[in-house]
Every structure is written in structure tokens, then in C-alpha cells.
Amino acid sequence: QKEVEQNSGPLSVPEGAIASLNCTYSDRGSQSFFWYRQYSGKSPELIMFIYSNGDKEDGRFTAQLNKASQYVSLLIRDSQPSDSATYLCALGRGANNLFFGTGTRLTVIP
Amino acid sequence: EPEVTQTPSHQVTQMGQEVILRCVPISNHLYFYWYRQILGQKVEFLVSFYNNEISEKSEIFDDQFSVERPDGSNFTLKIRSTKLEDSAMYFCASSVAGIGDQPQHFGDGTRLSIL
Numbered sequence: 643q644k645e646v647e648q649n650s651g652p653l654s655v656p657e658g659a660i661a662s663l664n665c666t667y668s669d670r671g672s673q674s675f676f677w678y679r680q681y682s683g684k685s686p687e688l689i690m691f692i693y694s695n696g697d698k699e700d701g702r703f704t705a706q707l708n709k710a711s712q713y714v715s716l717l718i719r720d721s722q723p724s725d726s727a728t729y730l731c732a733l734g735r736g737a738n739n740l741f742f743g744t745g746t747r748l749t750v751i752p
Numbered sequence: 180e181p182e183v184t185q186t187p188s189h190q191v192t193q194m195g196q197e198v199i200l201r202c203v204p205i206s207n208h209l210y211f212y213w214y215r216q217i218l219g220q221k222v223e224f225l226v227s228f229y230n231n232e233i234s235e236k237s238e239i240f241d242d243q244f245s246v247e248r249p250d251g252s253n254f255t256l257k258i259r260s261t262k263l264e265d266s267a268m269y270f271c272a273s274s275v276a277g278i279g280d281q282p283q284h285f286g287d288g289t290r291l292s293i294l
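Chains A and B, in that order, give the protein sequences. According to my numbering, the residues represented by the first sequence are 643 to 752, in order. According to my numbering, the residues represented by the second sequence are 180 to 294, in order.
Hints should not be assumed to be uniformly reliable.
[Stated by the list, open to error] Label-pair ranges, simulated between beta-carbon atoms:
no. : chain 1 : residue 1 : chain 2 : residue 2 : range
1   : B       : D250      : A       : Y693      : 32 to 38 Å
2   : A       : A659      : B       : N231      : 44 to 50 Å
3   : B       : P187      : A       : S711      : 40 to 46 Å
4   : B       : H189      : A       : S724      : 21 to 27 Å
5   : B       : Q190      : A       : Q712      : 38 to 44 Å
6   : B       : S252      : A       : K684      : 34 to 40 Å
7   : A       : L653      : B       : K262      : 33 to 39 Å
8   : A       : D700      : B       : N207      : 21 to 27 Å
9   : B       : T186      : A       : N695      : 37 to 43 Å
10  : B       : T192      : A       : Q712      : 39 to 45 Å
11  : B       : N207      : A       : S668      : 33 to 39 Å
[As the list claims (entries may be wrong)] Derived, one-sided and incomplete: chain A residues facing chain B with beta-carbon distance under 7 Å:
no. : residue
12  : G658
13  : F676
14  : S685
15  : L688
16  : F691
17  : N738
18  : N739
19  : F742
20  : T744
Just so you know, these hints were derived from the structure itself, not from any lab. Predicted model, so just to flag it, every value in this text is computed and none were measured. For glycine and all other residues, C-beta sits at the position ideal for the given N, C-alpha and C.
My request is simple: use the sequences and hints to build the entire structure.
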């Protein structure tokens, strides 16, 4: 079983819609969860991090964590073409490293 | 906003040669990291560094790799004898505190091409 699983996509949504990105993980001991955005050929850019069960909102982004079900999701409201990118889910692993999923490619259609 | 800076942006090296990738972490950050991303694959952890020593390393970080903080600002990754499979994007990251407390911020990366 993969440690971090993401649907590779592509996920296509129309401009203005809600994009929902999901991530499941296998290590029940994981305590910290991160969403990064990566444009093609660029570095990962932190969007949000979440440590506690429930929802965390920041502008158009909402991260949701359910440790019992071992999933973390990212909702993007009012999606814009500039949101088109690959979204990486990452877990805090060990004391100091991130374990990344393969990412979900999102395309927002104008 | 403070940034992690990496140089060079692109490095082309002959197989078997040594290469040094350089990073300047964000100034008040205490934890430093190297990751790599082979084209089309996921981002992989290489090593973390704190208090002038390696705190964690992955299986990828074998004896061919080393890290150093030669002065108060730079953080370097050295690959002693490069192989074709070392071709990848190498990202440096830094954070104020350990992963349970603070997120990591990434530099723009160095694209390493081994010929």
C-alpha cells in the first residue's frame, strides 16, 4: 500500500466551481499534513497545513483532515485558471521530513 | 517576503564529476532540507540538517552525497561522483522549527543534468 495516495488526474473543473482534491495515507501515526501547489517546472509552494481533525480555511482554500479515516482533502472555491497546477499532498514523517504523494493535476477551464 | 534561494538554476555535468548545489535558507530558519524530483515523479526527501549536523536522511542519501553549512548563510549539497540517475530537480527547503511545528518553504530548485 502506498503511503500517500492521490488521484493523478487530470481533474478538470470550470472556472468559478469548487475543486476537490483528495489524499489518503497509510501511517496512522502521521500528525502533520500539508498541501503544496506546483506549477510545471517550478518548486512546490505551500498552500496550507493542518494538524487537527476538522476544517481549516484560508481564503478560497479549505483543508479537511479526518485522522480516523486517514484522509486529507483540499477544497478550492471559486476556482480560477491560475489555480491550474499539480497539487501535492505531503505528510510529516519522522521528526523532520516530508513524504509527498505523486500529486493531482488540476485544470480550471475558463 | 523572505525566500530560499538556490544556485545555479541549471547545472550540466559529466558523469563521474563532482557537483555542488548551493542554497541560502531564510535567515531566521534553523532547519534545512534537500529534496529531489526526478522528471515526472514525486518529490523525495534526501536529508535534513539542524544544529550543524544531519538529523535525518533517506535511503537515497548514500555515501556519494554530503551536506555542509560552510558559513552562516549557505547550505550546500555535494554529489561526489555523479551518475546518470542523479539527473533531477534538487530543491532546498528551510523551516523555523521542526516539522511538527512549522511548514517548510522551498527554493526554486536546481535542475541537474548528468551527461
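The hints, checked one at a time:
1. Remark: the range hint 32 to 38 Å for D250 (chain B) to Y693 (chain A) is upheld by a beta-carbon distance near 34 Å.
2. The supplied range of 44 to 50 Å is met by A659 (chain A) and N231 (chain B), whose beta-carbon atoms lie about 49 Å from each other.
3. At about 44 Å, the beta-carbon gap between P187 (chain B) and S711 (chain A) stays in the expected band of 40 to 46 Å.
4. The hinted window of 21 to 27 Å between H189 (chain B) and S724 (chain A) holds, with their beta carbons roughly 26 Å apart.
5. Look at Q190 (chain B) against Q712 (chain A): about 39 Å separates their beta carbons, and that is inside 38 to 44 Å.
6. Distance hint check for S252 (chain B) and K684 (chain A): the Cβ-Cβ separation is about 24 Å, which falls outside the suggested range of 34 to 40 Å.
7. At about 36 Å, the beta-carbon gap between L653 (chain A) and K262 (chain B) stays in the expected band of 33 to 39 Å.
8. For the hinted restraint 21 to 27 Å between D700 (chain A) and N207 (chain B), the CB-CB distance of approximately 22 Å keeps it satisfied.
9. Checked against the given bound of 37 to 43 Å, the beta carbons of T186 (chain B) and N695 (chain A), roughly 41 Å apart, stay inside it.
10. For T192 (chain B) and Q712 (chain A), the hinted distance range of 39 to 45 Å is satisfied, since their beta carbons lie about 41 Å from each other.
11. A hinted range of 33 to 39 Å for the beta carbons of N207 (chain B) and S668 (chain A) is consistent with their spacing of about 35 Å.
12. A hinted interface residue such as G658 (chain A) counts as satisfied when its beta carbon comes closer than 7 Å to some beta carbon of chain B; here the least separation is about 28 Å, so the hint is violated.
13. Taken as an interface hint, F676 (chain A) checks out: its beta carbon lies about 6 Å from the nearest beta carbon of chain B, inside 7 Å.
14. Interface restraint check: S685 (chain A) against chain B, minimum CB-CB distance 4 Å, threshold 7 Å, status holds.
15. Because the smallest distance between the Cβ of L688 (chain A) and any Cβ of chain B comes to about 5 Å, under 7 Å, the interface hint for this residue holds.
16. A cut of 7 Å between beta carbons decides the hint on F691 (chain A): the least distance to chain B is about 5 Å, and the hint holds.
17. Against a cut-off of 7 Å between C-beta atoms, the interface hint on N738 (chain A) holds, since the closest Cβ of chain B lies about 4 Å away.
18. The restraint placing N739 (chain A) at the interface with chain B holds, with a minimum CB-CB distance near 4 Å, inside the 7 Å limit.
19. Interface restraint check for F742 (chain A): the shortest CB-CB distance to chain B comes to about 4 Å, inside 7 Å, so the restraint holds.
20. Taking 7 Å as the C-beta cut-off, the interface hint given for T744 (chain A) holds, the closest approach to chain B being about 5 Å.
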